[in-house]
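Enquirer: Given these sequences and hints, build the entire structure.
Number of protein chains: 2
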Amino acid sequence: MASSTTSSALYSRTEDVLAHLPVSGTTKYGKGATIYGPETGSNSIYLVVGGKVAISQVADDGSEVLLEIVRPDELFGETAFLDRPRRSERAMAIEKVKLMTWAISDMEDLVTKRPRLAVALLQFLANRNAVFTKRIESFATEKVERRLARSLLRFSERLGSLEEDGSVRMTPFTHEMLSRYVGTTREVVTEYMNRFRKQGYLNYSRDGIFLHRDALSDWLNKRALAAAEKSN
Amino acid sequence: MASSTTSSALYSRTEDVLAHLPVSGTTKYGKGATIYGPETGSNSIYLVVGGKVAISQVADDGSEVLLEIVRPDELFGETAFLDRPRRSERAMAIEKVKLMTWAISDMEDLVTKRPRLAVALLQFLANRNAVFTKRIESFATEKVERRLARSLLRFSERLGSLEEDGSVRMTPFTHEMLSRYVGTTREVVTEYMNRFRKQGYLNYSRDGIFLHRDALSDWLNKRALAAAEKSN
Numbered sequence: 001m002a003s004s005t006t007s008s009a010l011y012s013r014t015e016d017v018l019a020h021l022p023v024s025g026t027t028k029y030g031k032g033a034t035i036y037g038p039e040t041g042s043n044s045i046y047l048v049v050g051g052k053v054a055i056s057q058v059a060d061d062g063s064e065v066l067l068e069i070v071r072p073d074e075l076f077g078e079t080a081f082l083d084r085p086r087r088s089e090r091a092m093a094i095e096k097v098k099l100m101t102w103a104i105s106d107m108e109d110l111v112t113k114r115p116r117l118a119v120a121l122l123q124f125l126a127n128r129n130a131v132f133t134k135r136i137e138s139f140a141t142e143k144v145e146r147r148l149a150r151s152l153l154r155f156s157e158r159l160g161s162l163e164e165d166g167s168v169r170m171t172p173f174t175h176e177m178l179s180r181y182v183g184t185t186r187e188v189v190t191e192y193m194n195r196f197r198k199q200g201y202l203n204y205s206r207d208g209i210f211l212h213r214d215a216l217s218d219w220l221n222k223r224a225l226a227a228a229e230k231s232n
Numbered sequence: 001m002a003s004s005t006t007s008s009a010l011y012s013r014t015e016d017v018l019a020h021l022p023v024s025g026t027t028k029y030g031k032g033a034t035i036y037g038p039e040t041g042s043n044s045i046y047l048v049v050g051g052k053v054a055i056s057q058v059a060d061d062g063s064e065v066l067l068e069i070v071r072p073d074e075l076f077g078e079t080a081f082l083d084r085p086r087r088s089e090r091a092m093a094i095e096k097v098k099l100m101t102w103a104i105s106d107m108e109d110l111v112t113k114r115p116r117l118a119v120a121l122l123q124f125l126a127n128r129n130a131v132f133t134k135r136i137e138s139f140a141t142e143k144v145e146r147r148l149a150r151s152l153l154r155f156s157e158r159l160g161s162l163e164e165d166g167s168v169r170m171t172p173f174t175h176e177m178l179s180r181y182v183g184t185t186r187e188v189v190t191e192y193m194n195r196f197r198k199q200g201y202l203n204y205s206r207d208g209i210f211l212h213r214d215a216l217s218d219w220l221n222k223r224a225l226a227a228a229e230k231s232n
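Chains A and B, in that order, give the protein sequences.
1 is the number of the first residue of the first sequence in our numbering; add one for each residue after it.
1 is the number of the first residue of the second sequence in our numbering; add one for each residue after it.
Simulated restraints on C-beta separations:
| id | chain 1 | residue 1 | chain 2 | residue 2 | range |
| --- | --- | --- | --- | --- | --- |
| 1 | B | K113 | A | D106 | 17 to 27 Å |
| 2 | B | R186 | A | D218 | 24 to 34 Å |
| 3 | A | G30 | B | N203 | 55 to 65 Å |
| 4 | A | K31 | B | K98 | 47 to 57 Å |
The list that follows gives simulated cross-link-like pairs (lysine-lysine, BS3-like), each with its CA atoms no further than 30 Å apart:
| id | chain 1 | residue 1 | chain 2 | residue 2 |
| --- | --- | --- | --- | --- |
| 5 | B | K143 | A | K222 |
| 6 | A | K134 | A | K52 |
| 7 | A | K198 | A | K134 |
| 8 | A | K98 | B | K134 |
| 9 | B | K31 | B | K52 |
| 10 | B | K134 | A | K96 |
| 11 | A | K113 | B | K113 |
Covered stretches of chain A, going by a simulated chain B footprint (3 or more residues, C-beta under 8 Å):
| id | segment |
| --- | --- |
| 12 | 60-68 |
| 13 | 135-141 |
These are computed hints drawn from the structure, not numbers from a lab.
Note that the Cβ used here is the ideal one computed from N, Cα and C, for glycine as well.
Expert: In structure tokens form, the structure reads like this:
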């Protein structure tokens, strides 16, 4: 899989954290199981050992916005550092997952004993913060079509596998999940995905979505360049 | 000024950090001065001692998205924790400001010597992330009118002063800044601000914008309630 700045930067952070964390007991969850949600809350930091976890923000009206898909060797649950934990976040196993867990009180204790862990966690949080910032930028300046293209590129980088023909296979990734990341309806995602397919940026098969990353990335960058030239 | 959960939670975090930070030299900036930007980058963590600082994300096309307005006793510059600092952030003094600064290498050193500082910084970053998460939720689920109302409530809470008639005076806050926070044009902000004024949610005078917080907040909550009922 082609690696990129964002993905490798995030990965190196997380490696750092892992090097300083003691082994903890593991818990397994079946596909579709809720790890925590508005009903239960959470007071722990989690490490994904196997599988993938969807982190969502539950809006006032009950709708869910997909914040991130966390993959093996990555952490989640950092809202537990807040002393009034937000009850608006949900973590769900989108396939069978295995997690390691540390109670937030133990984690704070560990941090005071292992100072390099503290620095690693600060870097991890700063990185999460940078990812959210890029997303706010995209929401504030781009329409659905470009937001969707950007999301496909990001998820193919993080969750895809490179095929022989140079395309990146993304699975499992439904239009429903994409719509909850991009902030639109499933119908609109389907419409643009069909358009991208006709333009040759992706293919479908029973095995998933196959994305032609370079072509889609070129399209996104060309349009940004054109916008920058226009604004000068 | 009426305090709220978000505002007081953020404040208590920041107090924590301050209690564990050593005094550092102060630097002054005039109104409109750039503290750091894509041209210069930054390798420091800053504390606002006096005045207010606007943090913006500079998009690919050169346009700027307002991320936060940082007020006295609050920190900024946490992107310096990334080992590849992002050059896409700008910090600008929106009035005369006085800052205390710590090089990121010194800060990492301090963290290893003062473990409670580490925990305080982790809480601060987790809080910043929670604020960004709420904003992503708003972008993904709400149209401009509601995003604008929410932004007015948030900034009046953070930057406003309570008047005798119960309204909150917000100054200095231009439509231009609001548009860069909400993710729309200045013209659209002006249109909705006029609508809010006609509906009695705010007044203008030469001294700034006077917001009737409770009325606007009721309007926002009623509509959320209606949406939740509709979705059930």
